[in-house]
Amino acid sequence: MIRSGDYNLMEYSFSGRDHGGSVATANDAVYIAGFSYVKGWRKPLLIKTDLNGNLIWIWIPNLTVPSFSLVEDVDVVGDRICCWVHAKLAGNE
Amino acid sequence: MRKYRILAYWIATLTILYLMIFAVYVKGFYDAKLYAVSHLKTIWLDVFPSNETYVEVDFSDFIKDVYVDGSVVLVAGSVGYKPSPTVVYPSALIAAYDVDGKLLWRHVVINPNVSSEFNGLEVYNDKVYAVGTIGGKAVIYVYNRRGDFIYTISLPRADEFIERGLEVYAWNNSLYVLTSRRILRMSFSGDILWSINLTGSAYFHSGVVYLVRKVADRLILEAVDHRGKVNLVANISLSEWMLSIGHGKARVGVYDLCIYRGRAYILMRINIVSECHILLAIYDPFGRL
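Line by line, the protein sequences are chains A and B. Numbering-wise, the first sequence is residues 558 to 650 according to the working numbering. Numbering-wise, the second sequence is residues 2 to 290 according to the working numbering.
No lab work stands behind these hints: they were computed from the structure. Watch out, some of these pointers could steer you wrong.
Quick look at which bits of chain A chain B covers, simulated, 3 or more residues with Cβ under 8 Å [as the list claims (entries may be wrong)]:
{"hint": "1", "region": "573 to 582"}
{"hint": "2", "region": "608 to 616"}
Derived DSBU-like pairs (lysine-lysine); straight-line CA-CA distance at most 30 Å [unchecked claim]:
{"hint": "3", "chain 1": "B", "residue 1": "250", "chain 2": "A", "residue 2": "605"}
{"hint": "4", "chain 1": "B", "residue 1": "83", "chain 2": "A", "residue 2": "605"}
{"hint": "5", "chain 1": "B", "residue 1": "250", "chain 2": "A", "residue 2": "596"}
{"hint": "6", "chain 1": "B", "residue 1": "103", "chain 2": "B", "residue 2": "83"}
{"hint": "7", "chain 1": "B", "residue 1": "128", "chain 2": "B", "residue 2": "103"}
{"hint": "8", "chain 1": "B", "residue 1": "230", "chain 2": "B", "residue 2": "215"}
{"hint": "9", "chain 1": "B", "residue 1": "230", "chain 2": "B", "residue 2": "128"}
{"hint": "10", "chain 1": "B", "residue 1": "138", "chain 2": "B", "residue 2": "128"}
{"hint": "11", "chain 1": "B", "residue 1": "215", "chain 2": "A", "residue 2": "605"}
{"hint": "12", "chain 1": "B", "residue 1": "128", "chain 2": "B", "residue 2": "215"}
{"hint": "13", "chain 1": "B", "residue 1": "230", "chain 2": "B", "residue 2": "138"}
{"hint": "14", "chain 1": "B", "residue 1": "250", "chain 2": "B", "residue 2": "215"}
Ideal Cβ placement from N, Cα and C applies to all residues, glycine included.
Use the sequences and the hints to build the structure in full.
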C-alpha cells in the first residue's frame, strides 16, 4: 500500500441529508457544490472552505417556491463564483 | 342587521390580512435564516429558452458546462427546438455572454432525427472547442471567439460517448477528451495520439489526468501523464479513513476530484445509518499536511 502522504478528512452535515456533486479550488479556497434538504425540499448547496477544509460559509439559494434543485457545478474566476443551478418546480423526496 | 354584516365582513377581512402578514413574517424569518449563511448575490441572470421556438427539453439536460474566458462567459448544453406546436427536437446549444450578461452570440445545432447536446467547452489559441453528441455522433465543434463556425473534429466510436458527459481540454498543442470510459489525446485535426480506458472520476490539470475510483474498500488515485502512462499516486484503505473519524461501518461513495497546490481534494459521500453527509478528503502525497 502506498501511503507516504498525509490527509485531512472533513465532514459536513447541515440537514442530515447532504450530498456533494462537484469540487473546485481557486484563490486558496475550496468550493463544494451539491444539494441539501431544507424542510423536506431539495435545495442547491454551495460550501466554501479553506485549503484544509475548514468551513468558511455555506450558501443555500432562497428560492421562493418549493423546488427540486442542486448546484450542478462551480468554477471560480477572479472574485466571481460561477455556479449553475438546476431547478424544477415539482416534487420532493 | 346590515351593521353586523359589515362588521363581520371587516373582521373576516382583517383576519385574512393578519394571517397574510403573519405568513409573510414567518416566511421572512426563514428567508433571513437562509440569507444569514449567504454572502452571495446574483449579478445577472439570463433565462433561455424564453420563447415558443425554443423550449427546455428535460430537467436533466440544458446547461452542461460553463467556461469563463477572460471577460466572456461561455455556456454549453441542450435546448428543445420547436418548429411546430407538436414537435420538439432536442438540440445542442452554445452561447457566449459578456461579464454583464449581454448575449454576444448563440448557436443551436439542430438535428431532426437524434437528440443533440454539447457537454464540454475549452478555449485555446483563440478558438472555442465544444464537445458533444450531434445527431448521435460524438464530435467537437470549433468556433472562433466571435462565434463563427470553423470546422468539426469527429471522435471515434460514437456509441461510447453518449452515456455520460464529455469533457475537452487543450494543452501543449493537443486536445484531451474525457469520456465516461476513455481518455483520448488528439491532434487538432482529429488524429488520436493515444487513448486509455478509465473508470471513476477524472480531473485534468496541466497535461495530467488524475483519476480517482473506489475499488472494494480502497480508494485508488492515479495520474495519467502526457504520454498516456498511468502512475499510481495513492492506494488508501477507506475503512482506515472512516475509523479515523469515528465511522467504522459507514458506506462511502466518490463524487469528484480536483488537484490544487499539490494536494488532491476528493469529494465523497458518507452514509451513516439513515443520514448522508458530505465528506472532503484532502490528500497530500508529500505529507505536508
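Self-check item: Satisfaction of hint between residue 103 of chain B and residue 128 of chain B, Cα-Cα up to 30 Å
Solution: holds, 20 Å
Self-check item: Straight-line alpha-carbon gap residue 215 of chain B to residue 605 of chain A, limit 30 Å
Solution: Given pair residue 215 of chain B, residue 605 of chain A holds - Cα atoms ~25 Å apart, limit 30 Å.
Quiz prompt | Holds or violated: residue 128 of chain B to residue 215 of chain B, with C-alpha atoms at most 30 Å apart | solution = violated, 36 Å
Exercise. For the pair we were handed, residue 230 of chain B and residue 128 of chain B, check the Cα-Cα distance against 30 Å.
Key: Since the Cα atoms of residue 230 of chain B and residue 128 of chain B sit roughly 28 Å apart, the hinted pair holds (cutoff 30 Å).
Practice problem: Starting from residue 230 of chain B, check that the Cα of residue 138 of chain B is at most 30 Å away, please. | Solution: Measuring from Cα to Cα gives roughly 28 Å; hence the hint holds.
Quiz item: Does residue 250 of chain B pair with residue 215 of chain B here, judged by a C-alpha cut-off of 30 Å?
Solution: Holds: residue 250 of chain B and residue 215 of chain B sit about 16 Å apart, inside 30 Å.
Exercise. Tell me if chain B covers the region 608 to 616 of chain A under the three-residue, 8 Å CB rule, please?
Key: Holds, because 6 residues of the region 608 to 616 of chain A bring their Cβ atoms closer than 8 Å to Cβ atoms of chain B.
Exercise. Quickly compare the C-alpha distance for residue 103 of chain B and residue 83 of chain B to 30 Å and report which way the hint goes.
Key: This hinted pair holds, its Cα atoms lying about 24 Å apart.
Exercise. Decide if the proposed pair is consistent with the structure: residue 138 of chain B and residue 128 of chain B, CA atoms, cutoff 30 Å inclusive.
Key: Given pair residue 138 of chain B, residue 128 of chain B holds - Cα atoms ~21 Å apart, limit 30 Å.
Quiz item: Going straight from one Cα to the other, do residue 250 of chain B and residue 596 of chain A come out at no more than 30 Å?
Solution: holds, 28 Å
Quiz prompt | Hinted pair residue 83 of chain B and residue 605 of chain A, Cα distance within 30 Å | solution = violated, 40 Å
Exercise. Assess, step by step, whether the Cα of residue 250 of chain B is no farther than 30 Å from the Cα of residue 605 of chain A, and give holds or violated.
Key: holds, 28 Å
Violated hints for the displayed structure, listed by number in ascending order: 4, 12.
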